[in-house]
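Quick mapping for you: the protein sequence lines, in order, are chains B and U.
In this text, residue positions in the first sequence follow the numbering used here: the first is 1, and each later residue adds one.
In this text, residue positions in the second sequence follow the numbering used here: the first is 327, and each later residue adds one.
What the hints contain is simulated information worked out from the structure, not anything from laboratory work.
In silico lysine-lysine, BS3-like type, Cα no more than 27 Å apart, as pairs:
#1 B/K51 x U/K474
#2 U/K464 x B/K51
#3 B/K90 x B/K47
#4 B/K194 x U/K474
#5 U/K583 x U/K371
#6 B/K281 x U/K564
#7 U/K474 x B/K47
#8 B/K194 x U/K417
#9 U/K572 x U/K371
#10 B/K51 x B/K194
#11 B/K208 x U/K493
#12 U/K464 x B/K47
#13 B/K179 x U/K474
#14 B/K43 x B/K194
#15 B/K194 x B/K35
#16 B/K272 x U/K556
#17 U/K371 x U/K577
#18 U/K577 x U/K556
#19 B/K208 x B/K43
#20 B/K281 x B/K304
#21 U/K464 x B/K194
#22 B/K208 x U/K501
#23 U/K474 x B/K43
#24 U/K464 x B/K43
#25 B/K194 x B/K103
#26 B/K225 x B/K288
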Amino acid sequence: MKIGLSSLVLIFLPLAVALGAVDYTKFSHSTTKHKSECNTCHKPPTKNWTKVSQYPDITDYPDHDACVSCHRAQFFRGARPPICSVCHLKTSPREDARYAFRKPASSLQFAIEFPHDRHQDVIALRPQNQPRARFLLAHAPPPQQFNNCTICHAQAAAVSTPPAGGWIDSYAPPAATFKAAPSDHSSCFNCHWKSQEPVAANCNGCHKLATPYTAAVLPTRISLKFMHEGGGEKRQHVAECTTCHINITKSASLRGLKPDVPITSCTECHNKEGLRQDLSKELIALDKNRAFTCTYCHTSNVGKLDAPASHYLIAQRPPLTRRDTK
Amino acid sequence: MTRATRWLIVLITLLIALPLTAGRSQNQTAPARQTGVLRLRARVKLGESNALRGLARKRFFLIHGSLEQNRAVVEAIERQSLVTRDCYYTKNGASAALLNWLKEADCESVYCREIEQDFVRGPKAVPEFATAFAASEKEFGNSPTALKWLSTNLPPNLRDGFYRDRKGVLDALLKQAQASSGAAVQSVMTDRNGTAFFTDLGPGTYVLSNLVPTELGQTLATWNCEVQIKPDDLASEKPYLVSNRKDKLVKCVAVEKPAPLCP
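Using the sequences provided together with the hints, build the complete structure.
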């Protein structure tokens, strides 16, 4: 009997979908008929941009015309048509309030195509009269003027939201830890608005249809205690980004992109004769106690693992595992 | 549970477990891939009076194979006749103020540095920026956006034409280099100190080149040198110094030619 029921489900579920039992509360860009030119529905800039943005942008859902041309039947189905809930908070003809654009709770349907290498070729020096630079002048030596990725990757504005399950070792990284990544068009359209391809109307130039996914809340970090804006009073960590992220300038896309910071970037200061011996000290502690957890840079999830060979190499020692330690 | 069912479970378990075990033993015996790195340091001297300084924000390329194997590419690199930045912008009607603005930060295009308020109004104003700023103010309705989005109202040739021209030359050379070496060409850009890292390299012989000559004041410098990459780690790899001046530490000296005069 059970087998009979599953067979019926297997046969009738695809049939039901084929016959039109579609969930109209969910909009997918992957649907064949939704794959036409982006500006069929999204017309940059949207009418309300001056009210909600400092710059011309796509700041709202497409007009009803974009949907009705094909979905007239679903628009007028009953008093509360399910299709309305794609954009509207309430499915009622008398309620026109919409979700914030883009719909905050929905999964992301596009991956971003961004050639770091090409942008690295053309971007920019930090302007000398930037407010942060002025602030620094009063308290510290003049900031170095170097090519900078901070045009797009500014310091994160707020302390990060804790991951599900809380912070490891209760270590909540301060706001100075992470750099932000662009979450809107502000750092794109200032060059790519209308003449520099891919332009605003050519959404597909940057947004590539992908399997729906949820964006990561936090960047993956091996050394969670490293602060981008840290490095003591002199803020020694504020350096040119490519000095540590050595592989960024060769990345032609975001696919498989890794931060790639070699240990040598840290030990230039943190394990230097006559300066500091932060790495060597922890390796010596590990020699004495195989259960020692490295905590100077790492939280315990990383610090209790074997130190990688590169760490020993930089300390001019043969690599060891915890099992080798007496 | 019947005997037949038990046998069936054992059989399925074996079918699943055997390939997994085989895979694991293969992984255990497979030797780790050995890779090497090239820690590049580019230091140049502009003229005779200045000291050596790091060559910032310049791209270098690694072509697989020896100089001999890549002779055709190297010859194509050396043969190319290049239009200098000044000549390109002058030919396209750029003002002296724009030329200076670009030169101040060794910029190839207007995207290289932020356009500040001083350069759209007042004594330091660049005429092209002032015109584009006025158009942007009209279009976007507010000055901050107009300033930040100024480049969207610049003529294409002044905006990034020089960069596009160079990229066209570069792409053609890259295509040729990839065809002749039979491998992807790696590329990195130097930081402000003139340092860059090529990582994850298969051991062997490579040609280190900048493909397109670098403008060093009044000369054009081209590097084409053979490099041996051995399995190594960043931690122990010594810098590979390239320069336009001979020195016992310099591994690769540029061929310098006077920059051609503008037609």
